[in-house]
Amino acid sequence: MNYLEVQDLTVSYRTAAGELPAVRGVDLAVAPGSKVGIAGESGCGKSTVALALLRLLPASARMGGRILLDGEDVLTMRWGRLRAVRWAGASIVFQGAMHSLNAVHRIGDQIAEPILLHENATPAAAARRAGELLEQVGLPARRAAAYPHELSGGQRQRVMIAMALACGPRLIVADEPTTALDVMIQAQILRLIDQLVGEHGISMLMISHDLSVLADTCDRLAVMYAGRVVEEGPADQVFRSARHPYGAALGAAFPTIGDPASRRSPRGLPGDPPDPAAMPAGCAFGPRCPVAEPRCAETDPVLWPAGPDRAAACVRVLSDEQARGAGVPAGGAAPAEQVAAHPEKEGRTP
Amino acid sequence: MLGSVVSLLAVMLTGFFLFRILPGDPVRTMTQGRAVTVEQLAELRRQFGLDKPLPQQFLDYCLGLLRFDLGTSFQYRAPVAELIAERLWPTVLLVGTGTVIAAMLGLWLGTRAAWRRGSVTDRLSTGVALTLWSVPTFWLGLILIVVFAGGLGGVLPHLFPTGGMASPGVTGFLPGVLDVAHHMVLPVTTMVAVVYAQYLLIMRSSLLDEMGGDYLVTARAKGLRDALVLRRHAVPNALLPTVTLIFLNLGGVVAGAILVEAVFSWPGLGMLFYEALRVPDLPLVQGLFIFFSASVIFMNLLADLVYPLLDPRVRT
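Top line first, the protein sequences correspond to chains S and G. Numbers 1 to 350, taken from my numbering, label the letters of the first sequence in order. Numbers 1 to 316, taken from my numbering, label the letters of the second sequence in order.
It should be emphasised that the hints constitute simulated quantities derived from the structure, not laboratory data. From the three backbone atoms N, C-alpha and C, an ideal C-beta is built for every residue, glycine too. Be aware that one or more of the hints could be misleading.
Stated by the list, open to error - Where chain G lies over chain S, by a calculated footprint (3+ residues, C-beta under 8 Å):
id	segment
1	50–56
2	86–94
3	98–105
4	110–120
Working from the sequences, and respecting the hints, build out all of it.
Next up, the structure:
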């Protein structure tokens, strides 16, 4: 059974301008010990998904669907149970550790805080454990007395990781864990996360706008656009040969080092993601799509099997597969099965 | 630190020259309405050192300040420093108590208002505070006197004294303390009602700024109760900007609430200042001016020294 299973998650924000959809039906699954990445531009809803997992969104957010954490639905949990699940069942490594740590508390106290809360530990034992955790992430235990501003960006992110490990969670959500860091430190932090997650057999959901980072770290990859997953599959395949034009553009946005061709013609994607208050008719990616066809303005595609263990939400993928007469591939992926199970979703038009 | 010294020097200079360029002859004021001879006037001038040339007067003034000698009051014929020392404690007691209560009340209500932003509690408490903030101090004081001390023309019992700090004939330590406390109720209430709004508003906006903080999401993600997120994480950060305000106001404590002291005939520095201005008693006004300014500067200095203890980020 999957440790985390997100089914048809929707999140919308109530604003003065009405309800703005941020997440429009996302399915995700994280198997025990596996690492899943979510990629996408700013504003595609990926961080909203991360916060929704532990119901950390502001009161103006309305959620629908199901978030099953170890079989329990987070969205219908009672407050007491939810507080117990937070950090102990799943913890989060936030982006920008400068702001995610409390500036006026010592880092040792901040790491010990969830231990004291969830584990009935004595303050001395919690402090000792905080020291051990710091050692694990490569900081000397005596740094526990330091304040966040006394550490470098990379050290602060190490503190965030130590904090995330504090209660021995089975899932760690890493929300842009390396965005604020320079490239050398990024690599170090990623290696550290990879190593610790592997050692402890923790599942991970990593969120980033950087497809190459995710392809390096994760087993599976989901690409989000305008609040939906538009492509899903094994990480290296999605990175190298995306079936959805957006996934392809995201993969191509990174120059190949040493390849003069990619240096001379950097490829980016023109335009901006759609305004959630005014979604385009048909495919949300249509207006920016380099290979859009007239039917894209009419059909809103859903995830469709796009090869073994893969799925993509694009009408071209759909017709390709149909032309090949593939239908549902034998080794169909979980999301693909879901599409097959709900054929009425297919081709819904707003 | 250096800034404080410069400020003090500026206050000294202003204190001297401001009261020398004021129109009016102090000796004439002193002898107002009495028949005096020219010799008597000259003698008075000599006594107060007003016959000396200005640079000599300034030198005397500076040397005096170094010895905490602020000159002699025209009106009381007593050293100004002594008068200030005598009136200092009533003011510290009254305004200190008022400031502490106002700060605690304002910070608490401000926290509640920000945490439940836009709720009925928020709108009600912010509205009431702003209304009281805009009420003239002396008017509120008089209303309280009429209602609670005057008994509203016999409708209510005389709950509190109309003024002063102690009743005559009360002896013993505990009765004395209770008597002073009884006298303090109305003036302190007046002060608190008028000034707590500024603490409420500062705390409210400061906490609202913090509420968007990512570290609060972290705290909630850890599984902390909302009340604990507020108390342990949001409030300590939001309190920092209010520390400066509290110290600024503590500096103003000795200047006293001149209006409150005047309305309630409280024998403090504010009352002394008011009396000195009416005469006008130039050495006393000048001495009080310097003393008030110095205490504000001193409290600012103290705020600069205390702040790093509370906020690790400004420690070097």
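Here is how each hint holds up against the structure:
1. 50–56: holds (count 3)
2. 86–94: holds (count 6)
3. 98–105: Since three or more residues must qualify, the claim that chain G covers the segment 98–105 of chain S holds, with 7 doing so at under 8 Å.
4. 110–120: It holds: at least three residues are needed, and the segment 110–120 of chain S offers 4 whose Cβ sits within less than 8 Å of chain G.
Going through the hint list in order, the structure satisfies each hint without exception.
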